[in-house]
Amino acid sequence: MPKKIDAIVSWKKLNLGCVITEPGNAREFLTGDWRTQRPILDKDKCIRCGRCWIYCPEAAYKEDEEGYYQCDLNYCKGCGICAQECPVGAITMVLEEE
Amino acid sequence: MPYKGKKARELPKEELFTQGHRACQGCAGALALRLILKAVGDRVIIAAATGCMEIISSPFPQTAWRVPWIHVAFENAAAVASGIESALKVLMRKGKLKKEKIYVVAIAGDGGTADIGLQSLSGALERGHDFVYVCIDNEAYMNTGIQRSSSTPFGARTTTSPAGKKSIGQMTWKKNVAEIAVAHRIPYVATVCPTYYQDMINKLKKAANTPGPAYVHCLAVCPTGWRVSPNLTIEVGRLAVETGVFPLYEVINGKYKINYPHRRLKPVQEYLQLQGRFRHLTDEYIEIIQKRVTEEMARLRALEKFGSFYNNFTAHS
Chain F
732 MPKKIDAIVS WKKLNLGCVI TEPGNAREFL TGDWRTQRPI LDKDKCIRCG
782 RCWIYCPEAA YKEDEEGYYQ CDLNYCKGCG ICAQECPVGA ITMVLEEE
Chain W
4 MPYKGKKARE LPKEELFTQG HRACQGCAGA LALRLILKAV GDRVIIAAAT
54 GCMEIISSPF PQTAWRVPWI HVAFENAAAV ASGIESALKV LMRKGKLKKE
104 KIYVVAIAGD GGTADIGLQS LSGALERGHD FVYVCIDNEA YMNTGIQRSS
154 STPFGARTTT SPAGKKSIGQ MTWKKNVAEI AVAHRIPYVA TVCPTYYQDM
204 INKLKKAANT PGPAYVHCLA VCPTGWRVSP NLTIEVGRLA VETGVFPLYE
254 VINGKYKINY PHRRLKPVQE YLQLQGRFRH LTDEYIEIIQ KRVTEEMARL
304 RALEKFGSFY NNFTAHS
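Residue numbers (our numbering), protein chains in the order written: chain F, 732 to 829; chain W, 4 to 320.
Hints should not be assumed to be uniformly reliable.
Claimed, not checked - Derived contacts from chain W toward chain F, CB cut-off under 8 Å, selection only: (1) Ala31; (2) Arg230; (3) Ile237; (4) Gly279; (5) Arg282.
Said to hold, decoys possible - Restraint ranges, calculated between C-beta atoms of paired labels, are given here: (6) W/Asn212 - F/Leu745: 36 to 42 Å; (7) W/Glu307 - F/Asp773: 40 to 46 Å; (8) W/Lys169 - F/Gly748: 46 to 52 Å; (9) W/His283 - F/Val825: 31 to 37 Å; (10) W/His283 - F/Ile739: 18 to 24 Å; (11) F/Gly748 - W/Glu298: 47 to 53 Å; (12) F/Lys774 - W/Asn212: 48 to 54 Å; (13) F/Leu761 - W/Glu13: 28 to 34 Å; (14) F/Thr767 - W/Phe309: 38 to 44 Å; (15) W/Gly44 - F/Ile778: 24 to 30 Å; (16) W/Ala301 - F/Glu759: 37 to 43 Å.
What the hints assert, rightly or not - Far from chain W by the CB rule (all over 12 Å, computed), these chain F residues: (17) Lys743; (18) Arg766; (19) Ile771; (20) Lys774.
Note that these hints are calculated values from the structure, not bench results. Ideal Cβ positions, reconstructed from N, Cα and C, are used throughout, including at glycine.
The following block holds chain F by itself, in its conformation from the complex (with noise of 0.2 Å):
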């Protein structure tokens, strides 16, 4: 579940002029829950080429010490377009299922 954000805050609690110190803390929201589709990747296929990371618009995907491309499912909304421009069709999109 994405960090409570809370909705109403003193302004005295805000920084001069609004503005964020912490850069990047958008990694807090995880919008993984948005998904209605998940890439499962086959690494019998797989050349790791790195089309699916060059392209993620998330960047959800993550080089592992192997130099698979794995996706990070906190962050992946689940658009497919990994398994679109995947050249050898090691990217599959399944039903997320509960």
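Chain F is fixed; fit chain W onto it per the hints.
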């Protein structure tokens, strides 16, 4: 160029535009921001006008940027960027700041560039500030609910140019802001599309290292506003380039060079049929669009071939 011929996995790993931004699924604009920051690195100050890319990246009290970033009003991204550039210059001259290269990038949407911010862009280009202006063009005001802008292409359906019995959607042709920038005789103008990520990173790096103003026009496919399936974002961008609707070229000191497409053009039908905003178009109108696209490409190729005759002007330094 440092990244020429590099594979995707050899590009910079650092994510300066972080996860957790609120863009729609499959937003090419957010991808464009990622690639811009990969190209320019972290020694950069960004001035961003109001628009999609501003609201998705900075929902208060959070920010997706890991670089200094200023939100400015709709019309003055270029004016603020020129102010930042001048301030940096003065502070470095007076010795209050260490002398180093700090890039200044102004980012605005097509509304903030072609409609509302055109005068401040023109002013900043004319004064010759050393900055990069990036227009992220999603061809309408998507932020407020798909209203037409002057960058919307002919025949596109938007909420303020609806298609019906008496109308075919947008009645005017897309404004070519890149050509307007070329007319200022600035040292570097380029058009990019995130589908061609290598080309985009190289051009932005080139633009940032050019002394004087540089203008980069980026086509950002918008799945929500264009009525495209989110997974086809990259594919639609590729078709826009291959059909000649959005050719990728660069203009260095007035000399044109077309990067893509180098082969024969695909029919525009292939590009239009993927998009819901063009679904109402009949063959007759597709023919009109095809004719216009072919003419524009012929004009561009002629400029590439004969443009060097007009190369005898002095650019800003």
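Is the gap between the beta carbons of W/His283 and F/Val825 within 31 to 37 Å? holds, 34 Å
F/Gly748 and W/Lys169 - C-beta distance against the hinted 46 to 52 Å: holds, 49 Å
Please check whether F/Thr767 and W/Phe309 have a Cβ separation lying inside 38 to 44 Å. Given about 52 Å between the Cβ atoms, the range is violated.
Does the closest beta carbon of chain F sit nearer than 8 Å to the beta carbon of W/Ala31? holds, 7 Å
Hint check: 8 Å Cβ-Cβ cutoff, W/Ile237 to chain F: Where the cut-off is 8 Å and the nearest Cβ of chain F is about 5 Å from W/Ile237, the hint holds.
Please settle this one: F/Lys743 was flagged as non-interface, so is its CB more than 12 Å from every CB on chain W? holds, 14 Å
Taking the Cβ atom of F/Lys774 and the Cβ atom of W/Asn212, is their distance within the range 48 to 54 Å? violated, 39 Å
Given the range 47 to 53 Å, decide if the beta-carbon distance of F/Gly748 to W/Glu298 lies inside it. holds, 50 Å
Interface restraint verdict for W/Arg230 against chain F (beta-carbon cut-off 8 Å): Constraint on W/Arg230 not satisfied, violated at 15 Å.
How does the Cβ-Cβ distance of W/Gly44 and F/Ile778 compare with 24 to 30 Å: does it lie in that range? Hint holds: Cβ distance 28 Å, inside 24 to 30 Å.
Confirm or reject: F/Lys774 is not an interface residue toward chain W, with every Cβ-Cβ distance exceeding 12 Å. About 16 Å separates F/Lys774 from the closest Cβ of chain W, which puts it past 12 Å; holds.
Separation of F/Arg766 from chain W, once the least beta-carbon distance is taken, above 12 Å: Incorrect as stated: the minimum Cβ-Cβ distance to chain W is 8 Å, not above 12 Å.
In this structure, the earlier hints numbered 2, 4, 5, 10, 12, 14, 16 and 18 are contradicted, and the remaining ones agree with it.
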